[in-house]
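Sequence order for the protein chains is L and X. Mapping of the first sequence onto numbering that gives the first Met the number 0: position 300 corresponds to residue 299, and the numbering continues sequentially without gaps. Mapping of the second sequence onto numbering that gives the first Met the number 0: position 274 corresponds to residue 273, and the numbering continues sequentially without gaps.
Worth flagging that the hints you see were computed from the coordinates, not collected in a lab. Please note: incorrect hints may appear among the correct ones.
[To be verified] Below, a sample of chain X positions facing chain L; criterion: calculated Cβ distance under 7 Å:
#  : residue
1  : Ile272
2  : Ile273
3  : Gly276
4  : Leu280
5  : Phe283
6  : Phe287
7  : Leu398
8  : Leu437
9  : Tyr439
10 : Gly441
[What the hints assert, rightly or not] Every beta carbon over 10 Å from chain L, so not counted as near; a handful from chain X, in silico:
#  : residue
11 : Ser48
12 : Asp53
13 : Val81
14 : Met271
15 : Ala278
16 : Asp306
17 : Ile312
18 : Val318
19 : Ile322
20 : Ala345
21 : Asn361
22 : Val424
Keep in mind it's a predicted model, so treat the numbers as computed, not measured. From the three backbone atoms N, C-alpha and C, an ideal C-beta is built for every residue, glycine too.
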Amino acid sequence: MDWQFVFSQALTQAIGPTMLVYALGAIGLNLQFGYTGLLNFGQAAFAAMGAYGLALSVVAMGLPFWWGIVIGLLAACVMALLLGIPTLRLRADYLAIVTIAAAEIVRRIARATVWSDTTGGSDGMRGFSEPFFEMIPWDRDTTWSFLFVSMDNGRLAVDFGIFELQYSYRDTWVMIVGWTLVAVILVVMAFLIHSPWGRVLKGIREDEEAVRSLGKNVFAYKMQALVLGGIIGAIAGFVFALSRANVQPDAFTTDFTFYFYVVLILGGAARIFGPVLGAALFWFLYNILAQGLIQAISADVIPPSVIDSTQVGPLVFFLLGLGMVLLLIFRPQGLIGNRKELMFDVR
Amino acid sequence: MRRALLLLSAALAGLSLCLGVSSSAAAQDAYGIHGTLDDQQDQPVEGVSITVSDASGAEIATVTTAADGTWAVPLDAEGDYVVTLDESTLPEGLVVRNCKPQLEVNVTGDRTALFPLDTQVDGCTPGESPGGGETPSSSEDESGEPGEESSESEDAAADDAAADEVGEIEGEGGATRAISLLVSGLHFGLMIALAAVGLSMVFGTTGLTNFAHGDLVTFGGVMALLFNVTFGLPVWIAAIAAVVLGAAFGWAQDWGLWSPLRRRGTGLVSMMIISIGVALLIRFATLFFVGGERQRYTEYVGQPPWDFGWLVISPKEVVTGLIALAVCVAVGLALVFTRLGKATRAVADNPSLAASTGIDVNKVVRLVWTIGGALAAMSGVFLSISDGVKFDMGQHLLLLVFAAVVLGGLGTAFGAFVGAMLIGVFVQMSTLVVAPELKYVGALAVLIIIMLTRPQGILGRRERIG
Numbered sequence: 000m001d002w003q004f005v006f007s008q009a010l011t012q013a014i015g016p017t018m019l020v021y022a023l024g025a026i027g028l029n030l031q032f033g034y035t036g037l038l039n040f041g042q043a044a045f046a047a048m049g050a051y052g053l054a055l056s057v058v059a060m061g062l063p064f065w066w067g068i069v070i071g072l073l074a075a076c077v078m079a080l081l082l083g084i085p086t087l088r089l090r091a092d093y094l095a096i097v098t099i100a101a102a103e104i105v106r107r108i109a110r111a112t113v114w115s116d117t118t119g120g121s122d123g124m125r126g127f128s129e130p131f132f133e134m135i136p137w138d139r140d141t142t143w144s145f146l147f148v149s150m151d152n153g154r155l156a157v158d159f160g161i162f163e164l165q166y167s168y169r170d171t172w173v174m175i176v177g178w179t180l181v182a183v184i185l186v187v188m189a190f191l192i193h194s195p196w197g198r199v200l201k202g203i204r205e206d207e208e209a210v211r212s213l214g215k216n217v218f219a220y221k222m223q224a225l226v227l228g229g230i231i232g233a234i235a236g237f238v239f240a241l242s243r244a245n246v247q248p249d250a251f252t253t254d255f256t257f258y259f260y261v262v263l264i265l266g267g268a269a270r271i272f273g274p275v276l277g278a279a280l281f282w283f284l285y286n287i288l289a290q291g292l293i294q295a296i297s298a299d300v301i302p303p304s305v306i307d308s309t310q311v312g313p314l315v316f317f318l319l320g321l322g323m324v325l326l327l328i329f330r331p332q333g334l335i336g337n338r339k340e341l342m343f344d345v346r
Numbered sequence: 000m001r002r003a004l005l006l007l008s009a010a011l012a013g014l015s016l017c018l019g020v021s022s023s024a025a026a027q028d029a030y031g032i033h034g035t036l037d038d039q040q041d042q043p044v045e046g047v048s049i050t051v052s053d054a055s056g057a058e059i060a061t062v063t064t065a066a067d068g069t070w071a072v073p074l075d076a077e078g079d080y081v082v083t084l085d086e087s088t089l090p091e092g093l094v095v096r097n098c099k100p101q102l103e104v105n106v107t108g109d110r111t112a113l114f115p116l117d118t119q120v121d122g123c124t125p126g127e128s129p130g131g132g133e134t135p136s137s138s139e140d141e142s143g144e145p146g147e148e149s150s151e152s153e154d155a156a157a158d159d160a161a162a163d164e165v166g167e168i169e170g171e172g173g174a175t176r177a178i179s180l181l182v183s184g185l186h187f188g189l190m191i192a193l194a195a196v197g198l199s200m201v202f203g204t205t206g207l208t209n210f211a212h213g214d215l216v217t218f219g220g221v222m223a224l225l226f227n228v229t230f231g232l233p234v235w236i237a238a239i240a241a242v243v244l245g246a247a248f249g250w251a252q253d254w255g256l257w258s259p260l261r262r263r264g265t266g267l268v269s270m271m272i273i274s275i276g277v278a279l280l281i282r283f284a285t286l287f288f289v290g291g292e293r294q295r296y297t298e299y300v301g302q303p304p305w306d307f308g309w310l311v312i313s314p315k316e317v318v319t320g321l322i323a324l325a326v327c328v329a330v331g332l333a334l335v336f337t338r339l340g341k342a343t344r345a346v347a348d349n350p351s352l353a354a355s356t357g358i359d360v361n362k363v364v365r366l367v368w369t370i371g372g373a374l375a376a377m378s379g380v381f382l383s384i385s386d387g388v389k390f391d392m393g394q395h396l397l398l399l400v401f402a403a404v405v406l407g408g409l410g411t412a413f414g415a416f417v418g419a420m421l422i423g424v425f426v427q428m429s430t431l432v433v434a435p436e437l438k439y440v441g442a443l444a445v446l447i448i449i450m451l452t453r454p455q456g457i458l459g460r461r462e463r464i465g
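Construct all of the structure, not just a fragment, from the sequences and the given hints.
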């Protein structure tokens with residue numbers, strides 16, 4: 000049983016492309032839930048809007064790549080407006096129910112066979128990511144090394160001696176773009192949150208009536224937070240779609256949204272770096288558990304009579320669900336959150 | 000391009016798929032068509048002959064399925080191929096459910112071709128010219144790989160409460176079909192109502208929107224499966240046991256989790272997210288122990304329906320529907336006439352005021368959880384008798400239950416009942432105009448429209464929404 004391999008794998012994933020998707024989605028959610036107190040349970044749908052907006056406009060409409068990005072962002076805005084107008088005036092749990100329903104509508108429409116000629120039905124779509132990967136500024140046969148970082152035929156390897164991180168040609172590019180996006184968005188977020196605008200958002204989270212009595216248009220502020228968070232969700236959708244070079248409707252289930260929440264709460268809501276920390280830890284834990292169990296089974300450390308390899312997935316998700324419940328009960332502020340900031344209630 | 004087939008990645012990849020860990024697992028360099036033939040019980044079907052020919056009709060290969068139901072035909076090049084299943088080689092009683100024993104496959108790699116097998120056809124006439132027309136959505140129903148959460152999720156437990164019956168008479172008069180859909184809608188509505196009453200009352204008494212309520216439905220179905228299949232008891236005993244265990248589960252949840260949380264003063268938002276965690280826990284525990292396949296009870300599976308000419312309905316639907324109706328009426332009467340029922344409504348109306356009049360609020364909440372758990376379990380058992388048990392059945396029902404509860408008015412038991420009946424009928428009747436796979440979309444759209452126009456629901460009162 001190769002612990003070094005398991006650990007290297009998990010560490011590779013902990014800062015890899017999928018972790019970036021969770022980080023970006025949770026950053027959007029942080030603005031909505033962490034700072035404004037909006038219970039958006041449809042973040043997966045915003046990611047789907049981005050991913051499908053890009054895929055549909057490039058594949059089905061034959062538009063250039065950048066138009067696809069613009070359309071994906073616009074789709075997320077439109078969806079935020081459509082969801083926000085009826086529900087933001089109501090209680091928080093109404094927004095939760097409506098967003099969860101809307102996310103399911105989006106997913107079911109995307110997988111409907113009626114339009115499968117365009118959307119690909121449950122198979123999803125591919126063939127939109129080539130322009131993105133053509134932008135890679137180095138060649139496939141690039142080879143260099145610098146201290147412990149090296150590139151071998153386009154593949155990036157970071158060798159720390161005990162363990163080694165390896166990324167494929169494309170993953171490396173997704174990571175460069177993804178981490179740049181995360182950095183830019185975090186800087187913008189930090190400025191926004193510490194501006195007067197951000198203070199109003201926190202005010203709304205703590206006491207909506209008080210903010211309203213100060214003459215602020217609470218509805219407009221909530222809507223801005225919902226739209227901005229949705230746009231960041233759409234960016235997560237872009238990274239998700241591009242890193243896998245396909246979109247599939249069933250990737251955007253409500254579970255996807257719930258993992259954004261796990262990530263956010265694990266890291267600490269209402270903290271700028273919370274989502275990034277949470278995403279890294281969540282994805283590290285998932286991978287070390289899943290890989291470790293699979294390795295343990297194949298090495299006969301755990302006899303197959305106890306659990307077989309098809310049960311590893313459910314078991315890991317069970318443990319993550321359990322972890323989420325325990326976390327919320329015993330440490331609702333997560334790793335770096337502030338407990339006092341998260342005592343808000345519905346209404 | 001025909002989408003009758005699903006590009007399935009490796010069986011295990013299914014779960015990780017929804018998390019995005021798997022890259023595209025299908026090898027793109029080898030061409031071929033393969034598949035696994037399962038019957039409706041997910042048992043492999045052996046010795047069925049399958050022919051692959053190219054677009055011009057020239058036969059390339061004929062294979063028979065192996066003992067584990069698998070078959071594969073390697074190909075030399077990409078292109079369109081026709082896969083034909085020889086129905087005469089199928090075991091006695093099995094048919095291709097969507098009447099499409101011939102599939103056109105566009106091969107760009109190693110593709111999967113699947114034939115849904117069942118004991119009766121679904122919404123088509125056997126012998127219909129094969130390969131023609133759009134492939135109905137039901138072709139996906141039995142095709143998901145075990146453990147692959149994603150591809151089979153459309154096959155929601157609640158999905159086709161009476162699809163088998165409806166399917167048989169499809170093609171006859173529209174009025175007959177409408178009546179059948181109405182009846183199946185009422186049945187489905189009663190199933191939703193059983194779950195919705197509990198959800199609505201929990202909300203009414205504690206303010207908690209319980210996202211784990213759907214998984215209480217799954218719990219009922221699974222417990223009955225345990226007693227029926229594992230212990231070999233008759234379904235009716237298993238059903239009773241499941242309802243009792245459902246009540247115990249509801250009680251235990253409140254005793255062990257929600258009641259302590261309320262005492263700690265945990266915020267409702269935190270509790271809502273905790274309920275999501277609980278939902279994940281129950282769902283993945285079910286997946287762990289039961290597996291990802293749809294499983295059926297040992298009785299009432301291929302029950303011959305009653306044919307009244309204007310209505311075809313199977314006896315199990317009538318019996319479960321009547322029991323559900325009786326239970327709903329009993330709960331309603333208890334709420335109106337018994338002391339505890341009155342206390343429950345008082346707590347739902349205003350917990351503080353109820354407490355000040357001497358009602359033990361925590362006792363009432365515990366009771367609501369117990370009854371809610373029992374009703375949800377009953378709903379799960381009844382749905383499973385029709386459609387079989389699957390680990391995510393409750394998850395898919397949950398959104399319809401939300402729609403019902405919001406339509407009727409959050410926090411009101413009677414509203415939940417009315418809303419559930421309306422949603423059930425609406426979902427089934429909407430298939431007259433929209434594709435069956437989109438019927439849930441309609442129901443969820445109704446939910447959003449109600450939010451927009453009358454957020455307090457039909458029987459709710461305006462002040463509830465704040």
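Tested hints:
Because the beta carbon of Ile272(X) sits about 6 Å from the nearest beta carbon in chain L, less than 7 Å, this interface hint is met. The interface hint given for Ile273(X) is met, as the beta carbon of that residue sits about 5 Å from the closest beta carbon of chain L, less than 7 Å. Checking Gly276(X) against chain L: minimum C-beta separation of about 4 Å stays under 7 Å; hint holds. At a threshold of 7 Å, the smallest CB-CB gap from Leu280(X) to chain L is about 4 Å, leaving the interface hint in force.
Hint status for Phe283(X) relative to chain L: holds, with the closest Cβ pair at about 4 Å, below 7 Å. Among the interface hints, the one on Phe287(X) holds; its C-beta lies about 4 Å from the nearest C-beta in chain L, closer than the 7 Å criterion. About 5 Å separates the beta-carbon of Leu398(X) from the nearest beta-carbon of chain L, less than 7 Å, and the hint is met. Residue-level restraint check for Leu437(X) holds (minimum Cβ-Cβ distance to chain L is 6 Å; threshold 7 Å).
Hint status for Tyr439(X): holds, given a least beta-carbon distance of 6 Å to chain L, under 7 Å. Taken as an interface hint, Gly441(X) does not check out: its beta carbon lies about 9 Å from the nearest beta carbon of chain L, beyond 7 Å. With 10 Å as the threshold on Cβ separation, the claim that Ser48(X) sits away from chain L holds: the shortest Cβ distance comes to roughly 27 Å. Every CB of chain L is more than 10 Å from the CB of Asp53(X) (nearest about 22 Å), matching its label as outside the interface.
Every C-beta of chain L lies more than 10 Å from that of Val81(X), the closest at about 19 Å, which supports listing it as non-interface. Chain L draws Met271(X) into its interface by the beta-carbon criterion, the shortest separation being 7 Å against a cut-off of 10 Å. Non-interface status of Ala278(X) relative to chain L is broken: a Cβ of that chain comes within 10 Å, the nearest being about 8 Å off. For Asp306(X), the requirement that its beta carbon stay farther than 10 Å from each beta carbon of chain L is met, with the minimum near 30 Å.
Every beta carbon of chain L lies more than 10 Å from that of Ile312(X), the smallest distance being close to 27 Å; the non-interface claim holds. With 10 Å as the threshold on Cβ separation, the claim that Val318(X) sits away from chain L holds: the shortest Cβ distance comes to roughly 31 Å. Once the 10 Å rule is applied to beta carbons, Ile322(X) is consistent with being away from chain L; the minimum gap is 29 Å. Look at Ala345(X): its CB is around 21 Å from the nearest CB on chain L, clear of 10 Å, so calling it non-interface holds up.
Even its closest Cβ contact with chain L, about 19 Å, leaves Asn361(X) beyond 10 Å, as expected for a residue assigned away from the interface. A cut-off of 10 Å between C-beta atoms confirms that Val424(X) is not in contact with chain L; the least separation is 19 Å.
Hint check: violations occur at hints 10, 14 and 15; the rest are consistent with the structure.
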